[in-house]
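Here's the letter readout for the chains.
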Amino acid sequence: MSTQISFTEEQSMLLDTAMDFCSKNSPINLVRSRIEEAQSLPSDLWSSMVALGWAGITVPESHGGLGLGVTDLVPVVEAMGRNLMASPLVWSAISANTLQQAGSDEQKSAWLSKIANGAVATMALIESDGSWQLSNPTCTGSLEQNLISLSGTKCFVQDAGLAELVLVSIQLENQPRLILLERSAIPEQALQREVVIDETRRCYSLTLDGIKITPAQVLPGTCFDEIEQTAMLLLSAEIAGGHASTLNLIVEYLKTRKQFDQYIGSYQALKHPTVDVLIGLEATRAHLYHAATVFETGSPSEKETSVRMLKAVASEGFAFAGDRAIQFHGGFGFTYECDAQLFLRRAIFCQHQFGDETHQRACLANTLIDG
Amino acid sequence: MSVSEQELDQFRLEVSTWLRENNPGDPGFLLPESFMEVGTDEQFEYLRNWQRKVYDAGYLGMSWPEEYGGGGKPQVFQDIVSQEMARQRVPFMTNTIGLNWAGPLILQQGTEEDKKKYIKGILNADDIWCQGFSEPDHGSDLGNAQVKATKDGDDYVINGSKIWTSLGSYAKYMILLARTSNEGPNKYAGLSFFLAPMKVEGVNPQPIKKLTSEYGFCQTFFNDARIPANSIMGREGEGWQVAMATLMFERGNVGGQAGGLSMMDINVNDVLELARRSSRNGKPALDDPLIKDQMVQFLIEAKSNALMGTKAKIPALNTERPTAIAMSGKLRGSELKRRFCQFAISLQGANGGRFVSPEAVDGGKWQRIYFNSFSATIGGGTTQVQYNIMGERVLGLPKS
Numbered sequence: 001m002s003t004q005i006s007f008t009e010e011q012s013m014l015l016d017t018a019m020d021f022c023s024k025n026s027p028i029n030l031v032r033s034r035i036e037e038a039q040s041l042p043s044d045l046w047s048s049m050v051a052l053g054w055a056g057i058t059v060p061e062s063h064g065g066l067g068l069g070v071t072d073l074v075p076v077v078e079a080m081g082r083n084l085m086a087s088p089l090v091w092s093a094i095s096a097n098t099l100q101q102a103g104s105d106e107q108k109s110a111w112l113s114k115i116a117n118g119a120v121a122t123m124a125l126i127e128s129d130g131s132w133q134l135s136n137p138t139c140t141g142s143l144e145q146n147l148i149s150l151s152g153t154k155c156f157v158q159d160a161g162l163a164e165l166v167l168v169s170i171q172l173e174n175q176p177r178l179i180l181l182e183r184s185a186i187p188e189q190a191l192q193r194e195v196v197i198d199e200t201r202r203c204y205s206l207t208l209d210g211i212k213i214t215p216a217q218v219l220p221g222t223c224f225d226e227i228e229q230t231a232m233l234l235l236s237a238e239i240a241g242g243h244a245s246t247l248n249l250i251v252e253y254l255k256t257r258k259q260f261d262q263y264i265g266s267y268q269a270l271k272h273p274t275v276d277v278l279i280g281l282e283a284t285r286a287h288l289y290h291a292a293t294v295f296e297t298g299s300p301s302e303k304e305t306s307v308r309m310l311k312a313v314a315s316e317g318f319a320f321a322g323d324r325a326i327q328f329h330g331g332f333g334f335t336y337e338c339d340a341q342l343f344l345r346r347a348i349f350c351q352h353q354f355g356d357e358t359h360q361r362a363c364l365a366n367t368l369i370d371g
Numbered sequence: 001m002s003v004s005e006q007e008l009d010q011f012r013l014e015v016s017t018w019l020r021e022n023n024p025g026d027p028g029f030l031l032p033e034s035f036m037e038v039g040t041d042e043q044f045e046y047l048r049n050w051q052r053k054v055y056d057a058g059y060l061g062m063s064w065p066e067e068y069g070g071g072g073k074p075q076v077f078q079d080i081v082s083q084e085m086a087r088q089r090v091p092f093m094t095n096t097i098g099l100n101w102a103g104p105l106i107l108q109q110g111t112e113e114d115k116k117k118y119i120k121g122i123l124n125a126d127d128i129w130c131q132g133f134s135e136p137d138h139g140s141d142l143g144n145a146q147v148k149a150t151k152d153g154d155d156y157v158i159n160g161s162k163i164w165t166s167l168g169s170y171a172k173y174m175i176l177l178a179r180t181s182n183e184g185p186n187k188y189a190g191l192s193f194f195l196a197p198m199k200v201e202g203v204n205p206q207p208i209k210k211l212t213s214e215y216g217f218c219q220t221f222f223n224d225a226r227i228p229a230n231s232i233m234g235r236e237g238e239g240w241q242v243a244m245a246t247l248m249f250e251r252g253n254v255g256g257q258a259g260g261l262s263m264m265d266i267n268v269n270d271v272l273e274l275a276r277r278s279s280r281n282g283k284p285a286l287d288d289p290l291i292k293d294q295m296v297q298f299l300i301e302a303k304s305n306a307l308m309g310t311k312a313k314i315p316a317l318n319t320e321r322p323t324a325i326a327m328s329g330k331l332r333g334s335e336l337k338r339r340f341c342q343f344a345i346s347l348q349g350a351n352g353g354r355f356v357s358p359e360a361v362d363g364g365k366w367q368r369i370y371f372n373s374f375s376a377t378i379g380g381g382t383t384q385v386q387y388n389i390m391g392e393r394v395l396g397l398p399k400s
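Residue numbers (the working numbering), protein chains in the order written: chain A, 1 to 371; chain B, 1 to 400.
What the hints contain is simulated information worked out from the structure, not anything from laboratory work.
Beta carbons are placed, not taken as given, at the ideal position from N, Cα and C, and that holds for glycine.
Some hints could be false.
Examples of chain B residues lying across from chain A (beta carbon under 10 Å, computed) [what the hints assert, rightly or not]:
1) Asn159
2) Leu286
3) Ile300
4) Leu307
5) Gln384
6) Gln386
Make a model of the complete structure from these sequences and hints.
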C-alpha cells in the first residue's frame with residue numbers, strides 16, 4: 001500500500017494564508033458571540049472568503065473558479081477547523097463538485113459560476129434515521145403530469161438559511177437521484193433550525209412535502225461515493241484543525257494551573273494522555289495529507305481505503321482530545337465558560353457525520369480482509 | 001548528490017537478486033529474534049558470517065565515509081538495502097550496537113584515530129560492540145550511574161557492574177558510561193564516556209536468563225579492570241552529553257546509522273495471515289466481528305506509523321512540533337508490536353497457553369515474540385520514560 005504524501009507549494013501557501021486569515025477573523029470570543037446569531041458567519045466575512053477565491057477553489061476556470069482540486073481545499077478547511085470557524089464553504093464546494101460530476105451542462109452553467117462568486121449551495125442527504133448510507137434515501141419524488149412532487153424530510157442540511165441552492169437526494173422511480181432546489185421553491189416553514197451539539201453550526205430540517213419540481217431539476221447522473229468521500233476528507237480536515245487547537249488548549253492549562261503546589265502538567269496522569277493527544281494529531285494529519293494526495297492520483301479502491309482510514313483515525317482522535325480537555329480542566333472544564341466544551345461539541349458532531357470510527361472499520365474490513 | 005529514479009530502480013533489482021541468491025536460509029536451529037537474543041555460539045557465528053557477507057558485497061555502511069571502510073554513497077542506497085532485507089526476511093545484522101549506535105557516534109564525535117581504529121571492524125563484524133549504560137539499580141534513571149572509573153596513570157580503573165549487556169560475551173568493545181567524579185553541580189556532571197575494551201582482566205560478563213528462558217543479555221562485572229586512559233570519548237564530565245547523543249541514534253531520533261535490519265521483521269500483515277488461518281470455536285476467527293474489528297484497528301495503526309514516517313520528511317507539514325514524530329517512533333512502534341503479539345496469541349484458542357514447542361501454533365513463535373517485545377518497550381528508555389520525554393521536550397510541559 002502506498003504511503004505517499006505530496007504537499008504542494010500551492011497547498012503550503014493556502015495553509016499559511018488560511019491560518020492567518022482564520023486566526024484574525026475567528027478569534028474564540030467571536031466564535032462564542034456568533035452562537036446567538038441566526039447565521040453561522042457574518043455576510044462580510046463570507047464576502048472576504050469569496051474574494052480570496054475560496055468559494056471557487058474546486059470550480060473549473062471555465063466557470064469562473066480557480067480550477068483546483070478538493071485537495072487544495074484541505075489546508076483551508078484545516079485552518080478553519082483550528083479556529084472553530086463555521087461557514088458554508090465545505091458544502092458549497094461539495095455541491096459544486098457534485099454539479100460538475102453529475103449535473104447537466106445547463107445546470108452547470110446556471111450554478112457553477114454563481115457558486116464561485118459566493119452564492120451559497122448546500123446538500124440535503126441525511127434523514128431522521130441517521131443512516132450513513134447516502135444512496136438509499138427514503139424521501140421520494142413521484143411524477144404527476146410533468147411535475148415531480150416530493151415528500152419526506154431531510155435533516156442536517158447545513159447553512160440552509162443562507163443557501164440559494166439545495167441539492168437533495170430522493171428516490172425517483174426506485175432509483176436514488178439528486179435534484180436541484182432553488183431557495184425560492186422552498187416554503188419558509190419547510191426549513192426548521194435543528195438543535196445540534198456543535199453550536200457553531202447551523203443545521204436545518206427540510207420538509208419536502210408539497211414541493212413540486214420539473215424534470216429539468218433532476219441531475220442526470222449521481223455520484224454518492226464521491227460525495228461521501230469528499231465529505232469525509234473535508235470533515236477530517238476540520239477535525240485535524242480542531243484537534244490541534246484542543247491540544248494547545250490542554251497544554252496551556254497544564255503549564256499554568258497549579259494544584260498541591262505543582263503545575264498539573266508535571267503529573268504523569270495528565271502528561272501521558274496529553275502525549276497520546278499529540279500522537280493522535282500527528283496520525284490524523286499524516287492520514288489527512290495522504291488521503292488528499294490519493295484523492296488526486298489514487299485508484300478508486302485506494303481512495304476509499306485512505307479516506308476511511310483517515311475518518312476513523314481523525315474521529316477517534318479528536319473525540320479523545322475533546323474528552324480529555326474537559327477532564328483535565330477539572331471543575332472549570334464542567335462549565336460552559338471553559339472553551340474545552342466548544343471543541344468537544346465540535347468533535348462529537350464531526351465524529352458522527354459520514355461514519356464514525358466503528359462504521360469506517362466495518363467498511364474497511366470489507367476491502368482489507370474480505371476483499 | 002542527486003540520483004536518478006532509474007539508477008535507484010536498477011540498484012533495487014541488483015540488491016534484491018543478490019539477497020535472494022545469498023540468503024543463508026534456515027540454519028536448522030532456532031534463530032534469535034534480535035541482536036538482544038543471541039544466546040549460543042552457533043547462533044552468533046551464523047549471524048556474524050552473514051553480516052560479513054553483506055558487508056563484503058558492499059551493502060552495509062553504504063553511506064559511511066569510504067576512507068574508514070564505508071561505501072561513501074547517498075543514504076538512499078542503504079535505505080533500499082534495508083527495505084529489501086525486510087521484504088525478503090533475511091537474518092538481521094548482529095553487530096547492531098556497533099552499526100547503529102557506537103559507529104555513528106564515533107563518526108560524529110570521535111577522533112580521526114578512533115574512526116580509523118573502530119569503523120571497519122564494526123562493519124565487517126570482526127569487532128562486536130556492547131553497551132554499558134544501565135546498572136542493576138539505575139535503569140531508567142541513567143544519570144545516576146554509579147560504576148566508577150578512577151584515573152590511575154595511563155589507565156582508568158573500572159569497578160561496579162552494568163546490566164542488560166546484549167552480546168556481552170562476544171563483545172570486544174563496550175560503550176561505557178561511568179562515574180569519574182561525585183563532585184559537580186549535579187549527578188550528570190560526574191559522568192564520562194568510554195570506548196572500553198572488554199577483553200581485559202577484571203571484566204566478567206555473566207549471561208542472564210530472560211523471561212523467554214533464552215540467554216542473550218549479560219550482567220557485566222568490573223573488578224579493578226584497567227582500560228587505557230585514551231579510550232575516553234570527549235573529556236571527563238562530558239559523559240552525559242555523549243550518552244544522550246548515543247540514545248538519539250539508538251532511538252532512531254536522528255539518522256547516520258550503518259543500516260540493515262537489527263531484528264527479525266514481524267509486522268501486522270503476519271498477524272493478518274495468522275488470523276486468516278485461525279479458528280474460534282470451530283469457525284473462522286475473522287467471522288467474529290470483534291476479532292475482525294481489532295484486526296482492522298491494527299492495520300490502521302500500522303498504516304498511521306508508516307504515514308507519520310512520510311509526513312516527518314515534509315517540513316511544511318511539521319512546522320509546530322517538528323520532532324514529535326521522530327521522538328515518538330520507538331514508543332509507537334514497540335507498543336504496537338507488543339499489542340499485536342498479545343492479539344496474535346488471543347487468536348489461538350486454548351493453544352494460546354502453549355510456549356515454544358512443536359505442538360504450539362507456529363512453534364510458539366508468537367508467545368516468544370510477545371515476551372521479547374518488552375525488550376523494545378523497556379530498553380532504550382521505557383515507554384513511560386518516553387512519554388515523559390515527549391511531554392517535556394516536545395510539548396514543553398513541566399518536569400515530573
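Under 10 Å, Cβ to Cβ, is where asparagine 159 of chain B needs to be relative to chain A, so tell me if that hint holds or is violated.
-> violated (35 Å)
Chain A contact restraint on glutamine 386 of chain B - CB to CB distance below 10 Å = At 8 Å from the nearest chain A Cβ, glutamine 386 of chain B passes the 10 Å test, so the hint holds.
Should the hint that isoleucine 300 of chain B touches chain A count as held when the rule is a Cβ pair under 10 Å?
-> holds (5 Å)
Proposed interface contact between leucine 286 of chain B and chain A, which counts if any beta carbon pair is under 10 Å = holds (6 Å)
Closer than 10 Å between Cβ atoms is the bar; does leucine 307 of chain B clear it against chain A? Give me holds or violated.
-> At about 4 Å, which falls below the 10 Å cut-off, the nearest Cβ of chain A leaves the hint on leucine 307 of chain B intact, so it holds.
Using Cβ atoms only, decide whether glutamine 384 of chain B comes closer than 10 Å to chain A, and label the hint accordingly.
-> holds (7 Å)
Hint compliance for this structure: hint 1 is the single one not met.
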